[in-house]
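Residue-level listing of the chains:
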Amino acid sequence: MRAYVSAFRMRWKMEAQYRGAVIGGFVCQMLFGLILVGLYRALYFSKPQPFPFGQVSTYVWLQQAFFRMLLASDGDLLDKIRTGSIAYDLCRPVHLYTYYYVRVMAQKLLGSLMRAAPMLVFAALLPPGWGLLPPAGPGAFLTALLGLLLGLLCVCALENITMACTMRTLDSRGMQAMMNLLMMVLSGNVLPLTLYPDSWQRVITALPYAQLLDAPIRLYTGQWLLSDAPRILLRQGAWALALIAAGRFFWHRNQKRLIVQGG
Amino acid sequence: MRYITTEGLTKTFTVRKKREKGRLLREKTQVRALDSVSFSIEQGELVGSIGPNGAGKSTLVKILSGILTPESGAVTVDGLVPWQERRRHVKNIGVVFGQRSQLWWDVPIVDSFSLLRDIYRVPEGDYRKRLDELTEALDLSSFLRTPLRLLSLGQRMRAELCGSLLHGPKLLFLDEPTIGLDAVSKLSLRDFLQKENRERGTTVLLTTHDMEDIAALCPRVMVLGHGKKLFDGALPDLLSRYDKVRQVTVRYDGDFTLPALPETCRLTREGADCKITYEPASLPTGALLSLLQGAGAIRELTAQPQNVDHLIAAMYKEMDL
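Chains as they are written, first to last, in the numbering used here: chain A, 912 to 1174; chain B, 4 to 324.
No lab work stands behind these hints: they were computed from the structure.
Every residue gets a Cβ at the ideal spot worked out from N, C-alpha and C, and that includes glycine.
Treat each hint with caution, since some may be false.
[What the hints assert, rightly or not] Here are the simulated lysine-lysine pairs, DSSO-like style, with alpha carbons at most 30 angstroms apart: (1) B:173 with A:1167; (2) B:247 with A:991; (3) B:278 with B:20; (4) B:247 with B:278.
[Unchecked claim] Distance ranges between label pairs, derived from CB positions: (5) B:23 with A:1149: 44 to 54 angstroms; (6) A:1148 with B:32: 44 to 54 angstroms; (7) B:102 with A:939: 33 to 43 angstroms; (8) B:4 with A:994: 31 to 41 angstroms; (9) A:1048 with B:87: 48 to 58 angstroms; (10) B:148 with A:963: 53 to 63 angstroms; (11) A:994 with B:313: 27 to 37 angstroms; (12) B:254 with A:1081: 51 to 61 angstroms; (13) A:1040 with B:102: 51 to 61 angstroms; (14) A:1145 with B:127: 35 to 45 angstroms; (15) A:994 with B:18: 13 to 23 angstroms; (16) B:82 with A:1145: 38 to 48 angstroms; (17) B:23 with A:939: 43 to 53 angstroms; (18) A:1145 with B:145: 48 to 58 angstroms.
Whole structure, please, built from the sequences with the hints as guidance.
This is the structure in structure tokens:
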């Protein structure tokens, strides 16, 4: 256990060093947020939708604030796989999947928190009709936090599956491009999942990508009622378990047929 | 006590070649990295493993350290099968891959060490003591708090070695640990390894291309080539098989007539110097000297020291590697 806590802390420390990247990410995500909100305002004013616009702008801001949780791979780990330095990690008395999982988690958690904190403040200060609304209630806030945590578990598990594939292909780019496309579209980052037709939503919200941010955001805005919360959280938890199990299986299989290239 | 035993160890890699024009599928070839290699190493032994590039040395280390699984053959290290009981096995070993890094690029090296302490569950007291010892022996104190990326190659290698020894492994695999080191660092590293082996009884398997490392450290060498074990024994025994020729350079005062030398000798002139390569077995050095003296007045005579690298090159050539 100590090893994993220590690895988590170490990655956390490393992530905290990249302050320039935080500022860059902040500016970029603010810009994206403003453009998207403007776009959906235009859409709304030409054809009003069945739920209040405040929910859409809040959705966009929360997605942008936690963007780093979705789209961030640990370049260090991918490099290790590509260059073969992973050999060192393979001769440590640790469970490798867990060891990498906690590293990814530290990176995604701190990376997104550092960006989310200033962004959410800014978004809350924007004029009405543009910015972030407060949560639907204290219950909604707490369940949303819990949902975010489960979402984090899911996204780290997805990242570890990408990494397991990289161990086979050695280059992460192809796999990542595909995963990122799925992630951006199906997690609601490009277009809020709430704006898809109802029949589509029934399928999309059941997929793993909707568990990452869409589920906690809907709990936050109150679009999903408190009475729905147990069902939503259960679905997230089930996906987290399934994705972790799948990742562990791939890692285990890879370890058996491993080749470390070059000297 | 037998610490490492391998029996008929075989590992094959599949190498895909680039697709040839007009063919649908890429051609695959099987490369046998290890071909039924058997040996045993006693506890506390310091063994060197040499061989040309691609001989299977690194593959051997990777199998013994539990990273790779061989196709066939039996291996036990301290009673464990490395790839089957990986986590129990790796607790007691330390590995240095000279071309790779185990320390974190962006953080001070002492932080990487703390992580290793937690990974190997080294008690705090033992860790402090060991770190002090290693800091002293490897001269790390001036850059313990410097991030890895700012260190020179020599500093980095010393830090890497420290990282591999923090948990006091009973068995140490060194895969080209002196690569890129300057003379001072190399010598201090050798001293350190010798001390580690003598005082703690650490078993060491050293893979290197640096013959001086082997000559200074390893009473026993194994030669690998094309995945096979070609020699296993003392370095002097190995060298004496190929150490057949000697070389002297003479410079004469004034005129001289080149002596007629037997066919086994080779003579080359470089300005005023005559370089003679001969086999003491067929022409004893004394006899050569009287021949040379008969040719004129010798001003200088230098005998070239034997060069281990040349011997090894000759050996690889003869073994068809």
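Status of each hint after checking the structure:
{"no.": "1", "hint": "B:173 with A:1167", "result": "26 angstroms, holds"}
{"no.": "2", "hint": "B:247 with A:991", "result": "46 angstroms, violated"}
{"no.": "3", "hint": "B:278 with B:20", "result": "47 angstroms, violated"}
{"no.": "4", "hint": "B:247 with B:278", "result": "17 angstroms, holds"}
{"no.": "5", "hint": "B:23 with A:1149: 44 to 54 angstroms", "result": "50 angstroms, holds"}
{"no.": "6", "hint": "A:1148 with B:32: 44 to 54 angstroms", "result": "48 angstroms, holds"}
{"no.": "7", "hint": "B:102 with A:939: 33 to 43 angstroms", "result": "37 angstroms, holds"}
{"no.": "8", "hint": "B:4 with A:994: 31 to 41 angstroms", "result": "37 angstroms, holds"}
{"no.": "9", "hint": "A:1048 with B:87: 48 to 58 angstroms", "result": "55 angstroms, holds"}
{"no.": "10", "hint": "B:148 with A:963: 53 to 63 angstroms", "result": "54 angstroms, holds"}
{"no.": "11", "hint": "A:994 with B:313: 27 to 37 angstroms", "result": "34 angstroms, holds"}
{"no.": "12", "hint": "B:254 with A:1081: 51 to 61 angstroms", "result": "59 angstroms, holds"}
{"no.": "13", "hint": "A:1040 with B:102: 51 to 61 angstroms", "result": "59 angstroms, holds"}
{"no.": "14", "hint": "A:1145 with B:127: 35 to 45 angstroms", "result": "42 angstroms, holds"}
{"no.": "15", "hint": "A:994 with B:18: 13 to 23 angstroms", "result": "19 angstroms, holds"}
{"no.": "16", "hint": "B:82 with A:1145: 38 to 48 angstroms", "result": "47 angstroms, holds"}
{"no.": "17", "hint": "B:23 with A:939: 43 to 53 angstroms", "result": "46 angstroms, holds"}
{"no.": "18", "hint": "A:1145 with B:145: 48 to 58 angstroms", "result": "56 angstroms, holds"}
Violated hints for the displayed structure, listed by number in ascending order: 2, 3.
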